[in-house]
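Asks: Sequence:
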Amino acid sequence: MSYLWLQKEGTARQLAIRHSAWATLLDLPDPEKAGARRISDAQAWLEEHRFIDVRRTGRLSLVTVLDENGRRESWTAPGAAAKKEKETSDLGVLLHRYIQIPQTFWTAVTAYAAGSVTRAQTDFPRA
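When you line the sequence shown up against my numbering, it's residues 609 to 735, in that order.
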């Protein structure tokens, strides 16, 4: 998911982030060795299952996010994919149906789960 958050445009771009940097970001123990190894293992799994493409260049790996269809196509943001598909057929509206969740949803859920806010303080709909 973090790879998707780092995409700036409607299509995938290569990311070059050291494994130890990911491990530090995720607060893994021993980010320079054991944490970096866990990131490497996770990255290998993502590559094996065709979620990312990895090009190794010395100490850095260039990672490109792939589409979830498993055909090794570069990732395209849902809105950009629907727009492109809509230009050629009406199928794009059906194939790329997603909703955007506001960032506050994630922070409110975290705060609620941690007990630092009550349900009344969130913007969640009442059940």
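If you are wondering where the hints come from, they were derived from the structure by calculation, not from laboratory data. Where hints are given, some of them may not hold.
Pairs of lysine-lysine residues, derived as DSS-like cross-links and limited to a Cα-Cα distance of at most 27 Å, are as follows [unchecked claim]:
id : residue 1 : residue 2
1  : K616      : K694
2  : K691      : K641
3  : K616      : K692
All values derive from a computational prediction rather than experimental measurement.
Asks: Each of the hints needs a verdict: does it hold here or not?
Replies: Going down the list of hints, with the structure as the test:
{"no.": "1", "hint": "K616 <-> K694", "in the structure": "holds (22 Å)"}
{"no.": "2", "hint": "K691 <-> K641", "in the structure": "violated (43 Å)"}
{"no.": "3", "hint": "K616 <-> K692", "in the structure": "holds (18 Å)"}
Checked against the numbered hints listed earlier, the structure breaks hint 2 alone; every other hint is satisfied.
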